[in-house]
Amino acid sequence: DTGVSQDPRHKITKRGQNVTFRCDPISEHNRLYWYRQTLGQGPEFLTYFQNEAQLEKSRLLSDRFSAERPKGSFSTLEIQRTEQGDSAMYLCASSLALGAVDTQYFGPGTRLTVL
Amino acid sequence: AQKVTQAQTEISVVEKEDVTLDCVYETRDTTYYLFWYKQPPSGELVFLIRRNSFDEQNEISGRYSWNFQKSTSSFNFTITASQVVDSAVYFCALRTSEYGNKLVFGAGTILRVKS
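Residue numbers (my numbering), protein chains in the order written: chain A, 6 to 120; chain B, 790 to 904.
These are computed hints drawn from the structure, not numbers from a lab. Quantities reported herein were computed from a predicted structural model and do not represent experimental measurements. The beta-carbon is built from N, C-alpha and C at its ideal position, and this holds for glycine as well. Hints may contain errors.
What the hints assert, rightly or not - Derived coverage of chain B by chain A (criterion: at least 3 residues anywhere in the stretch with Cβ under 8 Å from a Cβ of chain A; other residues may be distant):
#, segment
1, 822-833
2, 836-846
3, 882-894
Take these sequences, add in the hints, and give me the full structure.
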């Protein structure tokens with residue numbers, strides 16, 4: 006059983022550059038979530054998709070952030086004009102929503118460092 | 790508002806000691822779900838348990854046990870006979886119907902098990 010995968014695992018970029026991360030969910034999972042985790046803190050919700058529809062976005066997701074899940078499978082998270090404050094671990098999770106609650110399974114994360 | 794507090798920032802124990810990680814939550818919802826995740830040094834969050842607000846039965850899984858008490862809004866996690874491999878950051882998380890499908894995480898507790 007293949008888990009959630011994320012690419013790249015690490016990204017170092019200069020301030021002002023654009024970056025894009027990819028997440029491949031567990032096969033047949035219909036929900037996909039993005040979280041951000043800074044050092045010493047728990048993950049914070051950014052956005053989630055049900056199939057290809059983006060159903061919720063956190064106010065943490067500024068207009069420099071955009072996420073897509075074009076065919077309801079993999080997802081991308083793009084950050085434009087990166088700032089040093091964007092340095093964090095970006096975590097992706099997927100779930101199979103069948104009833105009242107789903108359990109989210111997380112990937113290994115992409116660690117972003119903005120210089 | 791919903792909130793999760795993990796008051797213990799870091800705990801150090803010697804192998805074979807029992808250790809309890811505390812989790813206190815806040816929510817006005819009567820229907821909610823509580824989770825525990827483990828984050829080893831590799832960074833991937835590993836799902837441990839999910840409990841709904843209507844089920845206050847304690848649960849045991851091998852060396853792990855969970856004590857859910859609605860009266861004190863707590864969902865504590867005990868590791869019996871700790872092992873070095875248990876060293877990780879442990880997160881408690883809350884999901885409520887009011888706030889949709891997102892998980893709200895505590896700040897985490899770093900557990901160090903020394904041999």
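>> Output the indices of the hints that this structure fails to meet, ascending.
In response: Violated hints: none at all, because every hint is consistent with the structure.
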